[in-house]
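Quick note on full-length UniProt numbering: the sequence shown kicks off at 1 and runs consecutively.
FYI, nobody ran anything at the bench for these hints, they're computed from the structure. We treat Cβ as the ideally placed atom computed from N, Cα and C, and that holds for glycine. Where hints are given, some of them may not hold.
Stated by the list, open to error - Simulated crosslink set (EDC-like; lysine to aspartate or glutamate; CA at most 20 Å straight-line):
1) K193 to D164
2) K183 to E170
3) K155 to D211
4) K119 to E215
5) K183 to D227
6) K119 to D232
7) K155 to E145
8) K212 to D197
9) K148 to D252
10) K120 to E215
11) K193 to D211
12) K193 to E170
13) K152 to D211
14) K155 to D126
15) K148 to D227
16) K183 to D60
17) K120 to D218
18) K193 to D142
19) K193 to D218
20) K212 to D232
21) K155 to E170
22) K152 to D252
23) K193 to D126
24) K212 to D126
25) K212 to E192
Unchecked claim - Okay, the calculated beta carbon distance ranges per label pair:
26) D197 to V65: 32 to 40 Å
27) V65 to E194: 23 to 31 Å
28) G234 to L108: 30 to 38 Å
29) K193 to L61: 26 to 34 Å
30) D227 to E89: 31 to 39 Å
31) K193 to P244: 16 to 24 Å
32) K193 to G59: 31 to 39 Å
33) G196 to D164: 21 to 29 Å
34) D164 to E215: 34 to 42 Å
35) V72 to S159: 22 to 30 Å
36) P92 to K148: 33 to 41 Å
37) G132 to D218: 36 to 44 Å
38) A235 to K148: 17 to 25 Å
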Amino acid sequence: MKHKSSKDAAADPAVLTTTPASTVGGRRSYGTSPPQQSGTAKRTAELDSELESSTSQPGDLSDAVRRLMRHVPYPVAVITATDLSHSPEGGPEGWRGATVSSFNTVALLPRPVVSFNIKKISSTFDAIRSSGHFYVHLLSEDADEAHKIASKFTKGNASYPFHDDSGELESFALVSDVRPDLKRMPPILHFEKESGDLVVPFRLHCRFLQDKLVEIGDHVVLFGEVDHVFHDVGAFYDQSSDTPISCLVYVDGSYCRVAVKSKMSRT
C-alpha cells in the first residue's frame with residue numbers, strides 16, 4: 001500500500017462515492033432490459049472475445065483479477081501480535097504487525113468470529129501462532145496519522161514498524177509498565193489527536209482459532225474469536241451531524257474515506 005500521489009487529487013484522503021451500475025461508462029448491466037441493437041451486440045461480442053482470450057492463461061487470470069480488485073474498496077486493518085517464541089517475556093522485542101485489507105466478520109453467533117488473509121511466510125503469522133492472540137486495529141478515515149500507521153505496517157517487521165528512524169518506540173505504540181503480564185499480550189496501537197479524536201477508534205482482541213486455519217496458495221486464512229471490543233464513546237457517529245463514521249478504506253492504490261450519501265437509521 002502507498003499514499004495517493006496524483007497531483008490532480010482534490011483532497012487527501014480521497015472521497016469514495018458510488019455511481020449506479022447502469023450509468024458507469026456505458027458498460028453492460030445485468031437484468032431485465034430491451035434487446036440490444038445489432039451494433040452494440042457486435043461490440044459486446046468483441047469485448048467478450050477479448051476478455052476470454054486475455055484471461056485464458058493462469059498468469060493472465062491473476063493479472064485480470066488483480067486489476068479488477070483494485071477498484072473494490074477494502075477495509076484497512078492493522079493486525080498485531082507478540083511472538084513469544086522469540087521473546088518469551090513479551091515486550092517490544094517480540095512485537096509483530098501487518099496491515100491487511102481482507103479483514104471481515106464470519107459469524108456473530110454464538111460468538112463473534114472474524115477473519116483475514118496473510119502470507120504463509122510472515123513473522124506476524126508466526127507471532128499469532130506462538131501466542132494464540134492478536135489485536136485488530138481499525139483506523140480513522142480522516143487522519144494523516146492513520147495513513148502513516150497503515151503504511152508503516154505494509155513494509156514488514158524487518159522495517160521495525162513500531163519504532164521511528166532513531167530507534168525509539170513510535171508514539172502510537174502503547175507500552176504497559178503497570179502490569180507485567182500484559183507484556184505478553186499483543187501490542188496496542190493508540191494515538192490521540194489534539195482535538196481528542198482517536199486515530200485508532202476501534203480495536204478487537206481475538207483468540208486465534210488454530211483448528212480453523214485454511215491454507216490456500218501462498219496465503220493462509222486466519223480466524224479469530226472476538227473476546228473484547230474497545231472503542232471510543234463517540235466513535236460510531238459524528239456528534240455534530242449525527243451521521244455514521246466510517247473507518248479508513250483502501251482502493252486503487254490509495255487510502256480513502258467513504259462519503260456518506262444519506263443518513264442511516266439506527267436499528
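Evaluated hints:
no.: 1; hint: K193 to D164; result: holds, 18 Å
no.: 2; hint: K183 to E170; result: holds, 17 Å
no.: 3; hint: K155 to D211; result: violated, 29 Å
no.: 4; hint: K119 to E215; result: holds, 10 Å
no.: 5; hint: K183 to D227; result: holds, 18 Å
no.: 6; hint: K119 to D232; result: violated, 31 Å
no.: 7; hint: K155 to E145; result: holds, 16 Å
no.: 8; hint: K212 to D197; result: violated, 36 Å
no.: 9; hint: K148 to D252; result: holds, 18 Å
no.: 10; hint: K120 to E215; result: holds, 8 Å
no.: 11; hint: K193 to D211; result: violated, 40 Å
no.: 12; hint: K193 to E170; result: holds, 15 Å
no.: 13; hint: K152 to D211; result: violated, 30 Å
no.: 14; hint: K155 to D126; result: holds, 16 Å
no.: 15; hint: K148 to D227; result: violated, 28 Å
no.: 16; hint: K183 to D60; result: violated, 46 Å
no.: 17; hint: K120 to D218; result: holds, 6 Å
no.: 18; hint: K193 to D142; result: holds, 11 Å
no.: 19; hint: K193 to D218; result: violated, 38 Å
no.: 20; hint: K212 to D232; result: violated, 31 Å
no.: 21; hint: K155 to E170; result: holds, 15 Å
no.: 22; hint: K152 to D252; result: holds, 19 Å
no.: 23; hint: K193 to D126; result: violated, 32 Å
no.: 24; hint: K212 to D126; result: holds, 16 Å
no.: 25; hint: K212 to E192; result: violated, 36 Å
no.: 26; hint: D197 to V65: 32 to 40 Å; result: holds, 37 Å
no.: 27; hint: V65 to E194: 23 to 31 Å; result: violated, 42 Å
no.: 28; hint: G234 to L108: 30 to 38 Å; result: violated, 23 Å
no.: 29; hint: K193 to L61: 26 to 34 Å; result: violated, 44 Å
no.: 30; hint: D227 to E89: 31 to 39 Å; result: violated, 22 Å
no.: 31; hint: K193 to P244: 16 to 24 Å; result: holds, 20 Å
no.: 32; hint: K193 to G59: 31 to 39 Å; result: violated, 45 Å
no.: 33; hint: G196 to D164: 21 to 29 Å; result: holds, 24 Å
no.: 34; hint: D164 to E215: 34 to 42 Å; result: holds, 36 Å
no.: 35; hint: V72 to S159: 22 to 30 Å; result: holds, 27 Å
no.: 36; hint: P92 to K148: 33 to 41 Å; result: violated, 19 Å
no.: 37; hint: G132 to D218: 36 to 44 Å; result: violated, 23 Å
no.: 38; hint: A235 to K148: 17 to 25 Å; result: holds, 20 Å
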